[in-house]
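K.L.:
In order, the protein sequences belong to chains A and B. For the first sequence, the residue numbers in numbering that gives the first Met the number 0 are 0 to 102. For the second sequence, the residue numbers in numbering that gives the first Met the number 0 are 0 to 341.
Since the hints were made in silico from the structure, they are not lab data. Check each hint, because a few of them may be wrong.
To spell it out: a stretch of chain A is covered by chain B in this simulated footprint if at least three of its residues, at any positions, have a beta carbon under 8 Å from a beta carbon of chain B; those stretches are [what the hints assert, rightly or not]:
1) 28–37
2) 52–58
3) 63–71
4) 78–90
These numbers were taken from a predicted model, which means no experiment stands behind them. Cβ coordinates follow ideal geometry from the N, Cα and C atoms, glycine included.
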Amino acid sequence: MTTWVDACATDDIDDEDLIAWHHGGHRYAIYKTDKGFFATDLMCTHEEESLEEGLVMDCIIECPLHGGRFDIRTGEALSAPVSIDLKTYPVKVEGGRVFVALG
Amino acid sequence: MPDVVPTNAASSGVKLDKKSLKAIAARSDRPGLVYLVQWSLGLLVTGAAVWWSVGTLWMWPAMLVHGILLSVPSYAMSHETAHGTAFRTRRLNEAVLWITSLIYMEEPLHRRYSHTNHHTHTWHVGKDSQMPFDTPMGFGGWIAEITGFALLRFHLSVFFNLAIKRYTPTMRAVAPESELPKMTRNARLMLAIYAAILAAPFFGIWWPVWLLVVPRILGAPVMLLFTLIQHVELQENAPSILESTRSFRGSPITNFLYMNMNNHVEHHLYPQVPFHGLPALSDAVRDQLPEPDPGFFRTNWEVLVVSLRRSMGLSTRAPSIRQAPHMISDGGPVRRIAERTM
Ligand code: FES
């Protein structure tokens, strides 16, 4: 069953940026883009690197270690050296809060 | 716990607030395009000097200058595009990676993947696939490195192995399986281009020899003097980039040729920062880093003297460059720490 979990306030995240969110022993990335809010796993699929200090450009997140890029909306691995997609999670915004669907 | 801890700012205890980092790492096509225009204009001028001096003694200094301008920026730009940071537009980045890797003479995806490994395991023995010489370095190692023949032999073996689909354990370790066929295709195409260049004189066409082949051979040692001092004499197997990597003071000429990579510690700490952001990054983290070593010439001179003295069994303390403690000895036999991996 899907559970919507309150993750952060909409203005906790700068425009074109992300924050790391820890919940239930797992690490997530929550993004604010000009296309809305999105959530993915926080760790890159190439090596053990957090995307927290990565650059958000439009709807792309670039890994800070080797520059692999993912589509934030779909998690698709877009460019080398990443080749495995990033897991994504549905997001909704209500009353100035960002909720992530888990489970 | 992750089984790999990448060597970067986190492993080195260096901190920079996210807002500043984001501003410094911002991407743009403009600085890279401006660089390409300046570089191309420079090559036009030095190429013209070679063209007009062929047949005179002046052709040799002209080819040296042209070769430095061909070799050092092609190394620097292929490195920057391998990181994907030279341009905001990915296609532009990849096209420039291909062309500059052709000049630098390494298959572009091999360049990218072996370099990702170098960043994850910077100067870690048996893990870093880009350790170009044995450590500690002696005079023989210096000669093999600086003439360019050791690197050329390595890059040619990579080309031939890729071309015949003989993928080495290192290639398989650093590159995803799905990329290997692309690497083979690139290697075959590049080898065909090199073969055409080498065959041209047999058809009476000599300009590739004077404008590409000889300048590239003459320029290689200068390019390798830049890369040599990135890690030489520093600490192997250190989690901290501050111990394994060297920055040196730049000048307008070296900063241009090397695309600000004299800030090499800063680059390894935050590899997502593009070449045009490195001076600002250096300012932002200066108080957390060791002093940069002296300029290009002084640093290289001290490295050469130390290598020579080490081979002669003499003491190896350099006057001013940073050295790992085990690199400094009063003389005597040298205990090898790392064997070259390229
Ligand atoms: S760890 Fe993310 S691209 Fe390599």
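K.L.:
Identify every previously stated hint that the structure contradicts and give their numbers, smallest first.
P.N.:
1
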